[in-house]
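Undergrad: For the protein sequence lines, the chains are V and P, in the order given.
Under our numbering, the first residue of the first sequence carries the number 1, and numbering increases by one thereafter.
Under our numbering, the first residue of the second sequence carries the number 1, and numbering increases by one thereafter.
In case anyone wonders, no lab produced these hints; they're calculated from the structure.
Mixed in with the good hints there might be a few duds.
One copy or two, either will do: identical chains are not told apart, so a pair holds if it fits within one copy or between any two.
Said to hold, decoys possible - Taking lysine-lysine pairs in the DSSO-like style, the calculated list, with each CA pair at most 27 Å apart, reads: (1) K250 to K125; (2) K137 to K126; (3) K223 to K114; (4) K152 to K25; (5) K152 to K208; (6) K125 to K2; (7) K137 to K152; (8) K250 to K223; (9) K223 to K137; (10) K46 to K125; (11) K250 to K110; (12) K252 to K125; (13) K152 to K31; (14) K31 to K237; (15) K25 to K126; (16) K2 to K137; (17) K223 to K152; (18) K42 to K152; (19) K46 to K208.
Spelled out, the chains give:
There are 2 protein chains.
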Amino acid sequence: MKTLKVIKIGGNIIDNEAALTTFIKDFSTLKGPKILVHGGGKLATKLAEQMNIPVQMNEGRRITDADTLDIITMIYAGKINKNIVAQLQAHSCNAIGFSGADGNTIISEKRPIKTIDYGFVGDVKKVNTDTLEVLLKNNITPVFCAITHDEKGQLLNTNADTIASEIAIAFASTYNTELYYCFEKNGVLQDVDNADSVIEHIDTGTYKTLIENGIIYEGMLPKLNNCFHAINQNVQKVCIGTSDMLFNTKNKHTTITQ
Amino acid sequence: MKTLKVIKIGGNIIDNEAALTTFIKDFSTLKGPKILVHGGGKLATKLAEQMNIPVQMNEGRRITDADTLDIITMIYAGKINKNIVAQLQAHSCNAIGFSGADGNTIISEKRPIKTIDYGFVGDVKKVNTDTLEVLLKNNITPVFCAITHDEKGQLLNTNADTIASEIAIAFASTYNTELYYCFEKNGVLQDVDNADSVIEHIDTGTYKTLIENGIIYEGMLPKLNNCFHAINQNVQKVCIGTSDMLFNTKNKHTTITQ
Chain V
1 MKTLKVIKIG GNIIDNEAAL TTFIKDFSTL KGPKILVHGG GKLATKLAEQ
51 MNIPVQMNEG RRITDADTLD IITMIYAGKI NKNIVAQLQA HSCNAIGFSG
101 ADGNTIISEK RPIKTIDYGF VGDVKKVNTD TLEVLLKNNI TPVFCAITHD
151 EKGQLLNTNA DTIASEIAIA FASTYNTELY YCFEKNGVLQ DVDNADSVIE
201 HIDTGTYKTL IENGIIYEGM LPKLNNCFHA INQNVQKVCI GTSDMLFNTK
251 NKHTTITQ
Chain P
1 MKTLKVIKIG GNIIDNEAAL TTFIKDFSTL KGPKILVHGG GKLATKLAEQ
51 MNIPVQMNEG RRITDADTLD IITMIYAGKI NKNIVAQLQA HSCNAIGFSG
101 ADGNTIISEK RPIKTIDYGF VGDVKKVNTD TLEVLLKNNI TPVFCAITHD
151 EKGQLLNTNA DTIASEIAIA FASTYNTELY YCFEKNGVLQ DVDNADSVIE
201 HIDTGTYKTL IENGIIYEGM LPKLNNCFHA INQNVQKVCI GTSDMLFNTK
251 NKHTTITQ
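Excised from the complex, chain V in its bound form (with noise of 0.2 Å):
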């Protein structure tokens, strides 16, 4: 089987433009079939400061309403997207923008309201391979934005790392299926104090002893979560750190088995 690599990329480089020129250059040499998916990072915030619409958050999540949707599928979908695939173009890699929407890739619904509405988010129920794999084959690069849709004309802000999860599972009986979760550190961390301190390998074992010592909590759960989900449905790889990872086999980064 042909190796597919799956990679997310976060605040630390979407917001960064130098490390943004940086990242597409070294990706663009990435061999191989590839998916990038990019979280919004600040600009949707930002943006939504100079309109004066308000930012709710619940549990360090957003709550999505029409204004706020708006924002992040101007943001999303529109700024950041075309500008990373015209950056991809640049470096003679052909990339298409997808949202969820978009070939009817992926299809979610919307959050049931229990003690939290968080409005038009959406939990991803399918993704639809087969657009991405004669596109794949066609040489072609998919770059997806956080943003999926119902299927009845409603897009819906949904979880970057969930999207590149759910992607990396959808191929992971037609490729080996490697999954890459980018951002500022080098992994997961013994000690959030110390930047060398990575955890190389982690298994569903060992994950359970480091929740339960405190050692992951907060922000890392939700990704390792995702994480696991993936290595439990067949992708045959997952990987967290920073993007260097990608490019020099010797950078330290931590390992999820399972």
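Based on these hints, arrange chain P on the given structure of chain V.
TA: Here is chain P on its own, set in the frame of chain V:
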């Protein structure tokens, strides 16, 4: 040869939610390969006002500085394009949104500065049909916003009418290509105050006479120049009128011939 319809819609549909909903529903029923091109309507101007970014015009053309390009990218490629695609999916029309950067489909060059610096405005140099053909053969409808790129990483604001005619021209050798410009009138009018005075056929000869007699002027001139450019480059059929011309064969409209 199969028939390909290239359909351009503008502000009268984009800016009117009910009109857009109806159009999308009808458009979804059109059989055979089709490409939709949409303008930006008034939303970009509205957002620029909200953000206190001055709108600079010269002879009806927007001057596109860096902030304005951002706004256009957010509105055209983000908000409008993704909402159209999501609504098409709701009507089982499998669509993918495109800027010219996506799939390297439309390459333009920044307009040279003569008397006026139009800023980040692009004149189309080339349309690459390969990827679009793959999609059309897979029963997928490309939906273009009016943004292109220069292959060096720069997005460029580009006239939507021109994008539509250049796409139609690029496909004229592989498809029986029909180009439809949908706008608020029934076609080119003999008497601008009489909506029924549609000139049903215009050829190169009558076009000259109509200009000389002041029947065609201002905004209609570049639109008709695009029409004649297309018909002279082997596009098989070029029509101007309301979008009803697509769905009701009895609807009066203007047809352009050589």
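Undergrad: If the cutoff is 27 Å on CA atoms, where do K250 and K110 land: within, between, both or neither? Let me know, please.
TA: Neither. Shortest intra-copy (42 Å) and inter-copy (42 Å) distances fail the 27 Å Cα cut-off.
Undergrad: Please sort K252 with K125 into within, between, both or neither, judging by C-alpha distance up to 27 Å.
TA: Answer is neither; intra-copy 34 Å and inter-copy 46 Å both fail.
Undergrad: Quick one: K31 to K237, C-alpha cut-off 27 Å, is that within a copy, between copies, both, or neither?
TA: Classified as within; 17 Å inside a copy, 43 Å across copies.
Undergrad: Under a CA distance limit of 27 Å, which applies to K223 and K114: within one copy, between copies, both, or neither?
TA: Result: close within a single copy only, 22 Å intra versus 53 Å inter.
Undergrad: Between the shortest in-copy and the shortest cross-copy C-alpha distance, which are at most 27 Å for K125 and K2: within, between, both, or neither?
TA: within (26 Å within a copy, 36 Å between copies)
Undergrad: Reference check for the pair K223 and K152, CA-CA at most 27 Å: within, between, both, or neither?
TA: Close neither inside one copy (29 Å) nor across copies (35 Å); limit 27 Å.
Undergrad: How do K152 and K25 come out at 27 Å by Cα distance, when the copy is not named: within, between, both, or neither?
TA: Intra 37 Å, inter 12 Å, cutoff 27 Å: inter-copy only.
Undergrad: For the identical chains here, do K25 and K126 meet the 27 Å Cα criterion within one copy, between copies, both, or neither?
TA: This pair counts as between: shortest inter-copy Cα distance 24 Å, intra-copy 31 Å.
Undergrad: With identical chains treated as interchangeable, where does the CA-CA distance between K46 and K208 reach 27 Å or less: within a copy, between copies, both, or neither?
TA: neither (37 Å within a copy, 52 Å between copies)
Undergrad: How would you classify K46 and K125 at a CA-CA limit of 27 Å: within, between, both, or neither?
TA: Classified as neither; 30 Å inside a copy, 35 Å across copies.
Undergrad: Regarding K137 and K152, is the shortest C-alpha distance of 27 Å or less found within a copy, between copies, in both, or in neither?
TA: The answer is between: 25 Å across copies meets 27 Å, while 29 Å in one copy does not.
Undergrad: Taking 27 Å as the upper bound on the Cα-Cα distance, should K42 and K152 be classified as within, between, both, or neither?
TA: Between. Shortest inter-copy distance 26 Å satisfies the 27 Å Cα cut-off; intra-copy 29 Å does not.
Of the numbered hints given earlier, the model fails hints 1, 5, 9, 10, 11, 12, 17, 19; all others are met.
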